[in-house]
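Chains as they are written, first to last, in my numbering: chain A, 368 to 615; chain B, 368 to 615.
In short, the hints are calculated from the structure, not lab data.
A portion of the hints provided could be inaccurate.
Given that identical chains are not distinguished, each listed pair holds provided it fits within a single copy or across any two copies.
Unchecked claim - Straight-line distance between alpha carbons at most 25 Å, and here's what the computed SDA-like set of lysine to any residue pairs gives:
#1 K467 - Q587
#2 K516 - Y496
#3 K516 - R555
#4 K551 - N524
#5 K551 - G468
#6 K516 - K551
#7 K516 - I460
Just so it is clear, the structure is predicted and the values come from calculations on it, not from any experiment.
2 protein chains.
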Amino acid sequence: MNDSPSKSRGVFYGVGVGPGDPELMTMKAVRLVQQCDLVTYLSSDNGYSMARNIAATVLADSNNPGQQEQAIVMPMCESREVANSVYDEAARIIASHLDKGERVVFLCQGDPFLFGSFAYLYDRLADNYEVEIVPGISSINASAALCGKPLGLLAENIAIISGRRGSDDILQTLRQFDNVAIMKPGRRRAELLALIEAANRVDDCCYIEYAGHENQRIVQDIRTLDAQPGPYFSLFLVNRARNYGSTK
Amino acid sequence: MNDSPSKSRGVFYGVGVGPGDPELMTMKAVRLVQQCDLVTYLSSDNGYSMARNIAATVLADSNNPGQQEQAIVMPMCESREVANSVYDEAARIIASHLDKGERVVFLCQGDPFLFGSFAYLYDRLADNYEVEIVPGISSINASAALCGKPLGLLAENIAIISGRRGSDDILQTLRQFDNVAIMKPGRRRAELLALIEAANRVDDCCYIEYAGHENQRIVQDIRTLDAQPGPYFSLFLVNRARNYGSTK
């Protein structure tokens, strides 16, 4: 696809490492993480990276002595300007490795293209470099599995909506869709609980924090959930009550 | 959770094997498929099972001589009565193995709880047996990766809708949501193409058949897609055009 000079260039891989349980990494993710020349990931100011943490065992087993790591430090603020300048600088660093013919992995929690920060690096690099995206298990699928709640059957529909949308939008979605995942409820938890009640879907709903992590928390009956701000990595799963057709 | 007699019972695992590429199986899926006593899966009248096919190499490498297989033959018809009686009989067979303390895996293409037939067995067995669901990569995430189309960024929303819904419903969803996956377009492809055009989303849309399989087909410009019936394993991916905030 590229011009001839690009033939000696490396490949950039956006690799989903899944929601938390390291065993939910795909075999392809494991292979690429272990084989690549450079491993990159977002980290907080204090050096912690959730994605790096999920891949820690796989990296420790790499047996790839030349492998390097590069943390991309993302300050904890909501400024898109700050975020964009971090992505600009990260893209420059990754490009310099790709220009040397190296294979570079960016570790993405969950799935790279489902609310993943990888999209911002993809946007900066895909026009000029070969980029491959390796899908990962999202927290939505992991939460449905943990709660025992099927997301879709037959002709049902499913909505995935940010808890940051307007209230009318969230209420309409809760009324319109059989199954709804509300992502990023965080600080708006109290308001979302009220909207779920207004849509008459309290009985359909469960709440999950940190699916697959050590501090995982599942609340099957959201009547027992405090109306307090919660962590970023949490979601409400609203699931249609249904008759499966069992003759039991 | 169960009474004491259940302590000697086996465990039933609904295992997602991903959309097609065997390397997109998770490490957990591989481990359970290789360790379990009985492997079950749906197959067609002629004995073909897409899920079994995805797991074929992993099964061949099992090194588990006592392992058995049980195909669950699902006739190609749309009768829910026929399907339900097949699931009833399959649940009886699986229960008889669980009663002997065996570990039973049911192989599910994609994710077990995203339009997966596993839900019907779960419904019949979860009240009386320990059941664990192992999420898998869905065709939606795989298709987004293959097409280079992020499904969700920041506060965007996503709808997953069956191509079997009413036209008004599909049109409303296409107008309301930033990103839409239309599953199971199959025989309604011509009508869906007209709806995508009516919603003014032709430029946002790509089409994927058999993601990750040998006969995979990606159509980035749906203007070039024949308005003919297509296979069951296909989907339209409608993706919002967006400004990522790149300063490039």
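Query raised in the report: Is the C-alpha distance from K467 to Q587 at most 25 Å within one copy, between copies, in both cases, or in neither?
Result: neither (51 Å within a copy, 31 Å between copies)
Query - Within, between, both or neither: K516, Y496 at alpha-carbon 25 Å - result: between (40 Å within a copy, 16 Å between copies)
Query raised in the report: Is the C-alpha distance from K516 to R555 at most 25 Å within one copy, between copies, in both cases, or in neither?
Result: within (23 Å within a copy, 29 Å between copies)
Query raised in the report: Checking K551 and G468: alpha-carbon separation at most 25 Å within a copy, between copies, both or neither?
Result: So K551 and G468 fail the 25 Å test inside a copy (38 Å) and across (41 Å) alike.
Query raised in the report: Are the CA atoms of K516 and K551 at most 25 Å apart within a copy, between copies, both, or neither?
Result: both (19 Å within a copy, 21 Å between copies)
**Report entry** Within, between, both or neither, where K516 and I460 count as close if Cα-Cα is 25 Å or less
**Finding:** between (42 Å within a copy, 24 Å between copies)
**Report entry** Identical-chain pair category, K551 with N524, by Cα at 25 Å
**Finding:** both (21 Å within a copy, 12 Å between copies)
Going down the numbered hints, you'll see the structure goes against 1, 5, while the others check out.
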